[in-house]
Amino acid sequence: MQLAVLVIYLAALITPWLFVQHQHRTAYIMALVPAVLTIWFATHIPLVAGGEVLIHEYQWIPGLDISLTMVLDGLSLMFALLICGIGTLIVLYAGAYLKGNPAQNRFLVILLAFMGSMLGLVLADNLITLFVFWELTSITSYMLIGFNHQSAEARKAALQGLIVTVAGGLALLCGLVMLASIAGSYSIQEILGSSEALTEHPLFVGMLICLLLGAFTKSAQFPFHFWLPNAMAAPTPVSAYLHSATMVKAGIYLLARLQPELGESGLWTILLSSFGAMTMLTGAFMAVRSTDLKKLLAYSTIMALGTLTLLIGIGTETAMIAFAAYLLAHSLYKGALFMLAGIVDHEAGSRDVTLLGGLRKNLPLTAILVAVAALSLAGIPPLFGFVAKELLLESMLGGAFHSFIYVFVMVASIFVVTVASVIALRPFFGTFKAPKEKEKIHEPPIAMLAGPVVLVFLSLVAGIIPGTVGSWVTLPASTAVAGGVVEGYLALWHGLNLPLLLSGISIAVGLVLFKYWDAFRSRLQVLDPIIARGPERGYFWFMDAIVWVAEWQTRILQNGSMRNYLRTIVLVFVGLTGYTLLTRYQLHWNWDVNLYFHELVTVGILVAAAIAACITHSRLGSVAAMGAVGFSVALIFILFSAPDLGITQILVETLTVILLVLVLFRLPSFSNISTTRERIRDAIVALLVGVLIMFLIMITIDVQLFEPISGYMIENSYTLAHGRNIVNVILVDYRALDTLGEIFVLALAAMGVYAMIKFNPATSPGSNHYAGTLILGEKKLAEKDIIHSLEEIHQKMLEDQNIISAGAMKDRNDNDDDDEDDSPNSSYDEDRDHDDSQAAKRKAEEHDDDAENEDKEGKKS
Amino acid sequence: MEPVMAIAVGLMYAAAIYMMLRRSIVKLVIGLMLLSNAANLLIFTSAGMTRGAPPLIPPGAVVPDGIVADPLPQALILTAIVIAFGVLAFAVVLIHRAYNILRTDNLDQMKDTDT
Chain D
1 MQLAVLVIYL
11 AALITPWLFV
21 QHQHRTAYIM
31 ALVPAVLTIW
41 FATHIPLVAG
51 GEVLIHEYQW
61 IPGLDISLTM
71 VLDGLSLMFA
81 LLICGIGTLI
91 VLYAGAYLKG
101 NPAQNRFLVI
111 LLAFMGSMLG
121 LVLADNLITL
131 FVFWELTSIT
141 SYMLIGFNHQ
151 SAEARKAALQ
161 GLIVTVAGGL
171 ALLCGLVMLA
181 SIAGSYSIQE
191 ILGSSEALTE
201 HPLFVGMLIC
211 LLLGAFTKSA
221 QFPFHFWLPN
231 AMAAPTPVSA
241 YLHSATMVKA
251 GIYLLARLQP
261 ELGESGLWTI
271 LLSSFGAMTM
281 LTGAFMAVRS
291 TDLKKLLAYS
301 TIMALGTLTL
311 LIGIGTETAM
321 IAFAAYLLAH
331 SLYKGALFML
341 AGIVDHEAGS
351 RDVTLLGGLR
361 KNLPLTAILV
371 AVAALSLAGI
381 PPLFGFVAKE
391 LLLESMLGGA
401 FHSFIYVFVM
411 VASIFVVTVA
421 SVIALRPFFG
431 TFKAPKEKEK
441 IHEPPIAMLA
451 GPVVLVFLSL
461 VAGIIPGTVG
471 SWVTLPASTA
481 VAGGVVEGYL
491 ALWHGLNLPL
501 LLSGISIAVG
511 LVLFKYWDAF
521 RSRLQVLDPI
531 IARGPERGYF
541 WFMDAIVWVA
551 EWQTRILQNG
561 SMRNYLRTIV
571 LVFVGLTGYT
581 LLTRYQLHWN
591 WDVNLYFHEL
601 VTVGILVAAA
611 IAACITHSRL
621 GSVAAMGAVG
631 FSVALIFILF
641 SAPDLGITQI
651 LVETLTVILL
661 VLVLFRLPSF
671 SNISTTRERI
681 RDAIVALLVG
691 VLIMFLIMIT
701 IDVQLFEPIS
711 GYMIENSYTL
721 AHGRNIVNVI
731 LVDYRALDTL
741 GEIFVLALAA
751 MGVYAMIKFN
761 PATSPGSNHY
771 AGTLILGEKK
781 LAEKDIIHSL
791 EEIHQKMLED
801 QNIISAGAMK
811 DRNDNDDDDE
821 DDSPNSSYDE
831 DRDHDDSQAA
841 KRKAEEHDDD
851 AENEDKEGKK
861 S
Chain S
1 MEPVMAIAVG
11 LMYAAAIYMM
21 LRRSIVKLVI
31 GLMLLSNAAN
41 LLIFTSAGMT
51 RGAPPLIPPG
61 AVVPDGIVAD
71 PLPQALILTA
81 IVIAFGVLAF
91 AVVLIHRAYN
101 ILRTDNLDQM
111 KDTDT
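Going down the list, the sequences are from chains D and S. At position 570 of the first sequence (counting the first as 1) the number is 570 in UniProt numbering, and the numbers step up by one without a gap. At position 2 of the second sequence (counting the first as 1) the number is 2 in UniProt numbering, and the numbers step up by one without a gap.
Since the hints were made in silico from the structure, they are not lab data. Quick reminder that beta carbons are idealized off the backbone N, C-alpha and C, glycines included. Treat the hints with care, as some may be off.
Claimed, not checked - Stretches of chain D that chain S covers, calculated by requiring three or more beta carbons in the stretch to come under 8 Å of a beta carbon on chain S:
(1) 556–566
(2) 589–603
(3) 621–631
(4) 641–654
(5) 660–666
(6) 681–688
(7) 707–716
Claimed, not checked - Partial pick of chain D residues on the chain S-facing surface, computed with a CB cut under 8 Å:
(8) V607
(9) C614
(10) D738
What the hints assert, rightly or not - Where chain D lies over chain S, by a calculated footprint (3+ residues, C-beta under 8 Å):
(11) 4–10
(12) 27–37
Chain D extracted, bound-state conformation:
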């Protein structure tokens, strides 16, 4: 089974090469792959129908409990057959539908990649693997919806679909991880049967909500249904395949998979049946309002998805039988209807039923196929849709439910009859109406008709022999969903009973409604303002909110002022570290220490010098104070057993003072810009840091978390490294790599300093004040040329498309020339830089000495 998935991905990989030679015929070759897989899966039918579950084990990341193990039971098999079977027909259809489209190549690659992902999704046993395939279907769906990427509408719809499903995917991941941690395994097969442990766990409600968010967004359940009709911007094969037969059923698949584990819970039943019923009603209602064939079908798909969720929610054995039958029936007729809608659009030039009429003479075969598929949609015997609808009504009556669900189901079935009649009758009967001329409308090529013919034929056959189909395909699936053997049968004739009566009523009322459909629709326009405030508004509001929050936080945090950044960083540091320190550790002031007068004086000088450096108004004073600070530090090092540090500090301090004197006096003198209030605020921030550091030191002295490693270094300094100065041994032996790094840092700093002094903007030719500017003069010219030529290309394109006249380009160029002539800035810059160049040269010479000093220092240390 792993191989089956792999084969499809490989097929996707080699498609581009085949396409170079065979053009649109590639699709016909590629259709062989899913066709062969369909047959391969079909050979497993007797085995699985016999109650066996095939498990192909394969490790992926054993350390993380993630495997590529794949399981084939009744449910997986039904899905696999649908994916490969309908996939074959769709690839054939796409070959003809997109014939001559230069991007057909890309389309086939993504379509096949989707097919592989979807197949992996329904076969995967591991929750994480399932999630990976789940996300892959979202991504491929995104690329397929946005296939016509020149259209802004398609891009928007693709992004909407992606954001909704991927946001749900994130919730799903949380849910799956919770599920695995409660059940103790990532394998669905192993989780089976631990239902009691699951439902009684405190995390259960959170887990359930996360899982349902994932499933509901993917399967377009209310209130996330809005992305599906928008996704109809995709080419028709995609709508037929992803957005009716397979991908949107992934959520349903997941719910069905989890039904044996979670079905016991009351919350599960309530959430699934109420959201399912709501989705069903919304879908049916919105379908009746629509006039676009694809929108009609999309909304009726939402209705079907709602129905499936409702059936899982009901959870009785009859409901499980109905679930599998309804799923199969829906995939068969809806796939066919979408492909037929694509044919009508392709041939007649429109999908709007109000613009079409009387096409049956030009498209006789299409008309018949639509009629039969619509009969199945409406649930009229002897189609398989009727069998499924009878079962739906039966399980609704059998489940313990409030009457509002009965009302929902009845209203939905009435509307669906109307929708079916609209699809079957409006475009094909009455007086001829179409955007294209009558003579140009003709039946499509055989590859496009093959799909609908096969699917409609299957609907019919399954309706005539429901018992066989039931026992081979749907009942094993029901068994898998119910988690135990299901007793039941599928039949066309259940006898004269309540479901049949309800069915009859819905058909009659639906037909009456169809008669007055136009009037009914215009009446419904009263509700437009309410519908405009639907859940899609929430989506747009959410997207705006993201942008708003991003802007707000950028304004607050990334405002470009370094002092703000520093203040924020410092306060966060004080807050977090301070909180941790004070809650975890105790502060002891141990004053019982020997204090000597000379030490106190040194520390006093240090502090006084530091404060003096802050408050002095003269640069020289502050440099002198810094010298005092540095030398006091050196003295402290020497007093407390660190002679090497003392020596280094004295050397460095001397160099620093020289450096400061050389450079600081080329800068302006201290400016006092801040107000007193700002000073006080900054002083408070600074003191907070100071106090925190004080606490930090006091606590660090008391706390020793690990044995120091210096004991080893002291003991082995002479015996192993042959050095008597342990600090030196550490630097050049134990931690020699650190020292190497240090040398590199110094070398880099020296190079940076050298570069900044040598490549002075004022001294370089072609002077202007951008960095590294020796060649910028010419570069600027080149850039200008590029802009010019791009503009010309653009101009040329516009002219070719007759958007603007040829003369317009010349005018624009003239304007450009004018702009270049009067640019005052450039001449101004040159003047200024020229004045500075002499002074800068002198500076550069002086700085060279500093750089050399630094290099020496690096070697010394």
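Once you've looked at the hints, dock chain S against the given chain D.
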């Protein structure tokens, strides 16, 4: 000695942060220097302070005589001192260069990414 040093280092940190929060870039340099010195002392103090026992092995011996100061923090600080000097030299020249180009020493006027 540690409590005294703790207070001193705390004050040095406060002085350093205060100077770094000024608008004048020259004061920023002073703040940077204070900060590197304060950080060195922070490590030095936290490791515990020992009088008159440098980590040296007397001639003829294989290990030091009695308890000596911890050599590891000293080695780290030695590295830090030298690197702080490198950073300082770089910062000073950078600031000097920035001043030459922008003709301002006010940090708040250096907000824009392009000049």
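Hint by hint, here is what the structure shows:
1. With 6 residues bearing a CB less than 8 Å from a CB of chain S, the stretch 556–566 of chain D meets the requirement of three and the coverage assertion stands.
2. Evaluation of the coverage hint for the stretch 589–603 of chain D: fulfilled, as 9 residues show C-beta separations to chain S shorter than 8 Å, against a requirement of three.
3. Only residues whose beta carbon comes within less than 8 Å of a beta carbon in chain S count, and the stretch 621–631 of chain D has 4; three or more means the coverage holds.
4. Only residues whose C-beta sits within less than 8 Å of a C-beta in chain S count toward coverage, and the stretch 641–654 of chain D has 8 of them, enough to reach three; the restraint holds.
5. Coverage of the stretch 660–666 of chain D by chain S holds [criterion: at least 3 residues with CB-CB distance below 8 Å; count 4].
6. For the stretch 681–688 of chain D, the assignment as covered by chain S holds, since 5 residues bring a beta-carbon within under 8 Å of that chain's beta-carbons and 3 suffice.
7. Using a Cβ-Cβ cut-off of 8 Å, 6 residues of the stretch 707–716 of chain D lie near chain S, which meets the minimum of three, so the contact claim holds.
8. For the restraint placing D/V607 at the interface with chain S, the shortest Cβ-Cβ distance is roughly 5 Å, inside the 8 Å limit, so the hint holds.
9. A hinted interface residue such as D/C614 counts as satisfied when its beta carbon comes closer than 8 Å to some beta carbon of chain S; here the least separation is about 5 Å, so the hint holds.
10. Hint on D/D738 holds. Least Cβ distance to chain S is approximately 6 Å, under the 8 Å limit.
11. For a cut-off of 8 Å, the count of residues in the stretch 4–10 of chain S with a CB near a CB of chain D stands at 7, and the three-residue condition holds.
12. As drawn, the stretch 27–37 of chain S meets chain D at 6 residues by the rule of a beta-carbon pair under 8 Å; at three or more, the given contact holds.
Going down the numbered hints, you'll see the structure goes against none, and every one checks out.
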